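Chemist: Each residue of the sequence shown is one higher than the last, beginning at 1 in this note's numbering.
Worth double-checking, as some hints may not be accurate.
[Said to hold, decoys possible] 27 Å max Cα-Cα, derived BS3-like pairs, lysine-lysine: (1) 153 with 119; (2) 153 with 136; (3) 98 with 110; (4) 23 with 98; (5) 119 with 51.
[What the hints assert, rightly or not] Computed spacing ranges between beta-carbons, pair by pair: (6) 156 with 20: 20 to 26 Å; (7) 142 with 55: 32 to 38 Å; (8) 17 with 155: 45 to 51 Å; (9) 69 with 133: 19 to 25 Å; (10) 156 with 21: 47 to 53 Å; (11) 154 with 129: 18 to 24 Å.
By construction, these hints were calculated from the structure, which means they are not laboratory data.
Since this is a predicted model, take the numbers as computed values, not measurements.
Ideal Cβ positions, reconstructed from N, Cα and C, are used throughout, including at glycine.
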Amino acid sequence: MVTHFNHPIEITNTARSAITQIKETGAEMVNQSPLLAGVNDDPITLANLFKHLSFMGVSPYYVFQCRPTQGNHHLSVPIERGMQVFNEAQARCSGLAKRARYIMSHKSGKIEMVGRTQKHIFMRYHQAASSEDINKMLVYRPNPHARWLEDYKYHLSDMMPKMTWLF
């Protein structure tokens, strides 16, 4: 069963009781949440959410990049800032609280935000609509304003030279 807690304050005694009752049936539970500006886009808040969930037996599963739909731009966090928040939150956790993945649920598949260096952003298809994209890595130049895949203009893996192996 998938729960949808966005902030630790939502994990009330009533919610804990309901989770306990559901878990007693043998159901496995995971949580998914969008990363929301002003709600859970702080590493301490997100880490606390992960910890509270895991202590209840609910595995943090997906943290979604907010979709670019009408009316929610004010809740959207730029991807690279989201990666920083997510990574700092995970650094504050241990064990099962670290299981979540930062994901963009794109029309081409679920794309995991893997990491970044000063010059590159790394993403990977976690699930793909096209079989040729399964596990494909995506490498882009940073864009601190990007909120969706199409905001990245330079797909660097397309620019890399092809290697010919001699063995």
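Chemist: None of the hints should be skipped; say for each whether it holds.
Modeler: To see whether the hints hold, each was checked on the structure:
1. Only pairs whose Cα atoms come within 27 Å are accepted, and residue 153 paired with residue 119 is accepted, the gap being roughly 14 Å.
2. Taken as a hint, the residue 153 and residue 136 pair is honoured in the structure, with Cα atoms around 17 Å apart against an allowance of 27 Å.
3. For the given pair, residue 98 sits about 19 Å from residue 110 by alpha-carbon distance, which is consistent with the 27 Å threshold.
4. About 20 Å separates the Cα atoms of residue 23 and residue 98, which keeps this hinted pair within 27 Å; it holds.
5. Under the criterion of a C-alpha separation no larger than 27 Å, the hint pairing residue 119 with residue 51 is inconsistent with the structure, at around 32 Å.
6. Checked against the hint of 20 to 26 Å, the C-beta distance between residue 156 and residue 20 comes to roughly 48 Å, which is inconsistent with it.
7. Separated by about 36 Å at the C-beta atoms, residue 142 and residue 55 satisfy the suggested range of 32 to 38 Å.
8. At roughly 48 Å, the beta-carbon separation of residue 17 and residue 155 lies within the given 45 to 51 Å, and the hint holds.
9. A beta carbon spacing of about 23 Å between residue 69 and residue 133 agrees with the range 19 to 25 Å that was offered as a hint.
10. Taking 47 to 53 Å as the suggested C-beta distance range, the pair residue 156 and residue 21 conforms, at roughly 50 Å.
11. Between residue 154 and residue 129 the CB atoms are about 23 Å apart, so this pair conforms to the stated range of 18 to 24 Å.
Going down the numbered hints, you'll see the structure goes against 5, 6, while the others check out.
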